[in-house]
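**Q** Protein chains in written order, with our numbering: chain A, 9 to 510; chain B, 6 to 430.
I should point out that these hints are in silico values taken from the structure, not numbers from a laboratory.
Misleading hints may appear alongside valid ones.
Below, computed lysine-lysine pairings styled on BS3-like, alpha-carbon distance capped at 25 Å [stated by the list, open to error]: (1) A:K73 / B:K281; (2) A:K483 / A:K359; (3) A:K359 / A:K487; (4) A:K495 / A:K452; (5) A:K71 / B:K281; (6) A:K224 / A:K71.
Note that this is a predicted model, so its numbers are computed, not measured.
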Amino acid sequence: MNAPLVCSLEMPDLRRTQMRRNIWCEGCGLGNMQQSISVALMRQLGRRLGVNFMEPAGLETIKNKVAMVSGIGCTSRMAGHLDFNTVHTTHGRSLAFASGLKMARPDLTVVLAAGDGDIFAIGGNHFIHAARRNLDMTLIVYDNRSYGMTGAQHSPTSTMGEVGASAPYGVFEPPFSLVDLAIGAGAGFVAQGAITTLQEHQDQLDELIAAGLEHKGFSFINVIGQCHTGWGTRNKRAEAFRYRQYIQQQVIPVDRWRELPAEARAGLRPLGIIHRVARPDLQSTPGYADCVSRSKKAVEAAAEEVEAIAPLPVVVDLRPARTCLRFAGSGGQGVITAGEIALSAAVRAGKNGVFTKNYGPEARGGEAYSDVTVSDGEIHYPQSDQLDVLVALNQETFDKFRKDVSATGRILVNATAVRETYGDARVLASPIGELLAREVRPPKRELGINILALALALDYLGLMSREAVEAAVMKGVGKKNPGLNQKALATGWAEAERLKTL
Amino acid sequence: MAEAVEGAATARRAPAAKPAQGIDLRQINAVRAAIQDGRLTQARRTTLGGNDAIAQAALEAGARFFGGYPITPSTEVLEYAARHILGVGGSYLQMEDEIAGIAAAIGASLGGVKAFTATSGPGFSLKQENLGYACLVEIPLVVINVMRGGPSTGGPTDPGQSDVMQARWGTHGDHPIVAIAPATVQECWEETVRAFNISEKYRTPVILLPDAKVGQMKEPVILPPLSQVPIVNRPRPTGAPEEYEAFGQTASGVPPLAPFGEGYRSHFTGLYHNRKGLPTKDVRLVDQLQKRIHAKLETREARADILKTEEFFAADAEILVVAYGITARAAKDAVLEARAQGIKAGLLRPITLWPSDPGRCLPHLARAKRVIVAELNLGQYRLEVERLAYEAARAAGKVPTEVLGLNRVDTRLITPRDIFQEIAR
Numbered sequence: 009m010n011a012p013l014v015c016s017l018e019m020p021d022l023r024r025t026q027m028r029r030n031i032w033c034e035g036c037g038l039g040n041m042q043q044s045i046s047v048a049l050m051r052q053l054g055r056r057l058g059v060n061f062m063e064p065a066g067l068e069t070i071k072n073k074v075a076m077v078s079g080i081g082c083t084s085r086m087a088g089h090l091d092f093n094t095v096h097t098t099h100g101r102s103l104a105f106a107s108g109l110k111m112a113r114p115d116l117t118v119v120l121a122a123g124d125g126d127i128f129a130i131g132g133n134h135f136i137h138a139a140r141r142n143l144d145m146t147l148i149v150y151d152n153r154s155y156g157m158t159g160a161q162h163s164p165t166s167t168m169g170e171v172g173a174s175a176p177y178g179v180f181e182p183p184f185s186l187v188d189l190a191i192g193a194g195a196g197f198v199a200q201g202a203i204t205t206l207q208e209h210q211d212q213l214d215e216l217i218a219a220g221l222e223h224k225g226f227s228f229i230n231v232i233g234q235c236h237t238g239w240g241t242r243n244k245r246a247e248a249f250r251y252r253q254y255i256q257q258q259v260i261p262v263d264r265w266r267e268l269p270a271e272a273r274a275g276l277r278p279l280g281i282i283h284r285v286a287r288p289d290l291q292s293t294p295g296y297a298d299c300v301s302r303s304k305k306a307v308e309a310a311a312e313e314v315e316a317i318a319p320l321p322v323v324v325d326l327r328p329a330r331t332c333l334r335f336a337g338s339g340g341q342g343v344i345t346a347g348e349i350a351l352s353a354a355v356r357a358g359k360n361g362v363f364t365k366n367y368g369p370e371a372r373g374g375e376a377y378s379d380v381t382v383s384d385g386e387i388h389y390p391q392s393d394q395l396d397v398l399v400a401l402n403q404e405t406f407d408k409f410r411k412d413v414s415a416t417g418r419i420l421v422n423a424t425a426v427r428e429t430y431g432d433a434r435v436l437a438s439p440i441g442e443l444l445a446r447e448v449r450p451p452k453r454e455l456g457i458n459i460l461a462l463a464l465a466l467d468y469l470g471l472m473s474r475e476a477v478e479a480a481v482m483k484g485v486g487k488k489n490p491g492l493n494q495k496a497l498a499t500g501w502a503e504a505e506r507l508k509t510l
Numbered sequence: 006m007a008e009a010v011e012g013a014a015t016a017r018r019a020p021a022a023k024p025a026q027g028i029d030l031r032q033i034n035a036v037r038a039a040i041q042d043g044r045l046t047q048a049r050r051t052t053l054g055g056n057d058a059i060a061q062a063a064l065e066a067g068a069r070f071f072g073g074y075p076i077t078p079s080t081e082v083l084e085y086a087a088r089h090i091l092g093v094g095g096s097y098l099q100m101e102d103e104i105a106g107i108a109a110a111i112g113a114s115l116g117g118v119k120a121f122t123a124t125s126g127p128g129f130s131l132k133q134e135n136l137g138y139a140c141l142v143e144i145p146l147v148v149i150n151v152m153r154g155g156p157s158t159g160g161p162t163d164p165g166q167s168d169v170m171q172a173r174w175g176t177h178g179d180h181p182i183v184a185i186a187p188a189t190v191q192e193c194w195e196e197t198v199r200a201f202n203i204s205e206k207y208r209t210p211v212i213l214l215p216d217a218k219v220g221q222m223k224e225p226v227i228l229p230p231l232s233q234v235p236i237v238n239r240p241r242p243t244g245a246p247e248e249y250e251a252f253g254q255t256a257s258g259v260p261p262l263a264p265f266g267e268g269y270r271s272h273f274t275g276l277y278h279n280r281k282g283l284p285t286k287d288v289r290l291v292d293q294l295q296k297r298i299h300a301k302l303e304t305r306e307a308r309a310d311i312l313k314t315e316e317f318f319a320a321d322a323e324i325l326v327v328a329y330g331i332t333a334r335a336a337k338d339a340v341l342e343a344r345a346q347g348i349k350a351g352l353l354r355p356i357t358l359w360p361s362d363p364g365r366c367l368p369h370l371a372r373a374k375r376v377i378v379a380e381l382n383l384g385q386y387r388l389e390v391e392r393l394a395y396e397a398a399r400a401a402g403k404v405p406t407e408v409l410g411l412n413r414v415d416t417r418l419i420t421p422r423d424i425f426q427e428i429a430r
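With the rest of the complex left out, here is chain B:
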């Protein structure tokens, strides 16, 4: 993931300047940050469930189609869409199965309509083939996977973080993926809007990975007025239709995408295809296509838009906890307790899980004497942290820091006490 694929260099551009006004979703706690420095002077205050916040954010980000299938603990997303999306001029279908849910969303997206689907572990598995289709065919799409435990049915109502690797490698073939794990209801809203914006700007599916606890918790939130929701739309062609290349090379690496029916007729296929979208067996074009869909997410601008990591007391941390989603909230309490007792503990919270964020993680991993990866699975993200710790050590010419796992799969949360004990050990 971290290695730039050939071709990325040519597509590199300076990151966009920070917007002088409005909400910058690349910031942690973006709405609050905008209020604090006066960029936002009006807001909506309400109390929402995590899944409701996700569905509401989707509609406010411009989503106008939902295709899904009921599955605990994500069903509230489907139910919210069912109540609201027709009323804002969109549409939805409760499909016959999970596969059809994502397929319908891809179909709608090709029609030029922002689309999303929602599911949980077993349904996420069923969606994987079409998720790969969306990667290769470069379809803007947001897939919500509210994580429970697994494998198989497991505990449908109980929280888990066991789809972290499925999100990364669930579909077959080499493919880039963006996966985002919110930890609060406020973040459910902000990160869903960001997920849509990334998926549109970069023509790529984005996975939102809340765990069941975050999806089903309720918290007060502060939302911007509808007119100030930061919205990004997919690039559209501007030239003559006969010159349109739906899979062409552009400066950003992202080719424009025309909605159906406007004269820019094109072909979309899951076969390796040329710039016009037609099937090809030209080895050069096949190679270019696969490398481009990676490279377009590895430009400086893309990395600034996509990567997001919170550093919490990490600057001088000797004992570094890495945690995301609900587990990061326990980790914050544990770090505060440790600091109160004079232990130099800190937290790295990847908000974007995939791709990981070496720029923010490596310095802390190089400094830390001990790294604890706390997660509600048996050590999935720990593999990535180990890889990053190895990179950090190699760069610093040191032996890699020990990376320990703090894991729980008994359907209960990892508590602040669990993490503190591991810190203090």
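Next up, chain A with everything else stripped away, as it sits in the complex:
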């Protein structure tokens, strides 16, 4: 249905009954902005929801569907005044709170009221990302080029040379243009209104906010407003009317502004819809829908089977025997994966196990190792400095971890890379690197070296059955490249046979 034709002054009051006295200074433009937001919400939402805001039930429906989120500052106190679902959050973060709310509740109309310091200084990062992300939300900023609540400090939009409490000798930093910033960050709807002495500007603001609400996606309406009691008193505009006149002199309709040559635009600020591009909001894009359906498939694929379970055997042996293995090499050699597979094989064989990993902050290179502890009973500490088995794929890790191997332990070294073994009697040398190149012929150097070494170590030492190891490999990394991993396994087992005969 169409919005009832009602003069804005006759429209219902959206303020909470307990909050009819606002916190703002007499003559502040925030009252005007609050009124425009109220009017626009009633008109626009009334239309969208098909309800009459002049009837109590219709108004109730509208109020229930609106969530107003704000940050900190004079403008942000608006959320407390209005009878919606309202959140007055932390300084600068309103857009981040609102983003989570909108993701979780796309059915709500999410509106934000904020000041220029709140959104563009402390909240600047959230602003550019909200504009880019394009959730269906409407942000209305009261841009008075200063911090009002804390007492007239300068903000990122303050005019250079003007005086503020924290710029006693004049603002020496350049401001940025909020409109240009919003467009650059990807906002699909950018408009600018102003609080002046003229009713037409108030009416225009109603329309701009309504248009922003109608826009699907992120919409930003910048409202040029005054702070006559703070910034104004320091800059010869201490009366509300005078400050509004000052703003009035600066604004021109955007159509006329566009016709002006660039040099004539100095000091002028365009009013109207400055930028509007239709594109689906984040939650309406085909890409998002595709992610949802692909995720559903992943959830189905990952669902574990439910099986009958009987009471578990009571633990008698408090200190059961355990076997500790370490796979070590450089980052990228797959020693972490080798450990994961060993754990998986152990669990398949009905044992208990713990896998831990150690790696550097970088994804490739640097030293990496994984530890696997296997037992028939409970395992407390998941690592050991008395390793039963060390698999060392390079010299550095052999040198470093040799001391962590027990006197009766074994060290399988990749003889292709480990040249010096210091006559250590625990060493079992195998040219793993050469075997890989010769027998497996990986497309990328060292791809599969972890599987070969793992198969070799576990088989030679008789730690786990070939079936368990093969199943663990093929269910894990092997899925991607079954041929290569089968060859790596077979080569490892063949080498184990050879070593056993020595």
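The hints should help you fit chain B onto chain A, whose structure is shown.
**A** Coordinates of chain B only, in the frame set by chain A:
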């Protein structure tokens, strides 16, 4: 923490009866306990990483929004959520920074959706302001902080337990906090579900504090069927919307929380607020609000739900080790070795670190001749144990037991040998 704040007494209720069937997460090793006495006859068996278990548990506890930012060693939580949460009808956002991650989660929670975020030390610092917001505004929320060392970047991939005090006092202002430190992958799952249930039931943020080693280890786990995951949802208003008080006084101390959009319009602000949520400067209301958010976590029922401490050979321990998370696993091996050698050693393992558990700790602290607090920091939880030892001694009319620290911050774990040597010294 232990002192009951005024107002708690009125909110006190008898603890809920132990459920006759199903899993009782207040028990140690709750799933196993349920299997052992026949309350659970079906299960899922799988092998999981700690962080994956946490994320999976979050979704199975009903979480339907994740807001986060990548940071080692917690990123697997974000990645799991990214793979699965859309598929169960939820949503997630990788936000522009850590601050936005928790902010988005709070926003979603106000929408009536269970929400969580995950991070590690430096990111946890960034989240603190909004964590305080969630405490005062009473937002159900779970914050996962997979601990590494610090301060600053430290060793991002190396384990640490250096955020214990940050978890307690990281945000500004007086505030209650619940922080839970799992030690096994099984516990990562169980304690995450419990964390959500506490946060929902008591309208409070709960911090899960695994260390990097626990978050990144893999172990076999036994999980209940989805239908038997014990789930608690936030209290919701039932009366007329115009009478709704989102911050009102209730018997439990926990006011109901309506999701947005259902007619129970309210205001939520980080300013001191009245029962309707509107800003107030009424000194009586300001005082009431702050004391109530503490008191609601100090009722008998709340303490039964929240506090959790494992006593391992503690009953007659003369040398008492206090350790949590990965370090407690080393401590168990050390205690077993000591017992094998005839030394009366025992372990107290706080699973809930904050608030601490005087009921279970004080008798052991009063009896022990020596107390060793082993942790991967320079003595953070030791301060709390010293405080408890002082309380235990005062109650028993004795001199407080000596509380020693066994600390390591070189990125390596405290080993069973380290702890045994300290026990045997």
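**Q** Run every hint past the structure and note whether it holds.
**A** Here is how each hint holds up against the structure:
1. For the hint linking A:K73 to B:K281, the alpha-carbon distance of about 19 Å falls within 25 Å, and the restraint holds.
2. Between A:K483 and A:K359 the CA atoms are separated by roughly 18 Å; this keeps the pair inside 25 Å, and the hint holds.
3. Annotation: proposed proximity of A:K359 to A:K487 holds, straight-line Cα distance about 24 Å (limit 25 Å).
4. Annotation: proposed proximity of A:K495 to A:K452 holds, straight-line Cα distance about 15 Å (limit 25 Å).
5. At most 25 Å may separate the alpha-carbon atoms for a hinted pair to count; A:K71 and B:K281 meet this at roughly 17 Å.
6. For the suggested pair A:K224 and A:K71, the alpha carbons sit about 20 Å apart, so the restraint of at most 25 Å is met.
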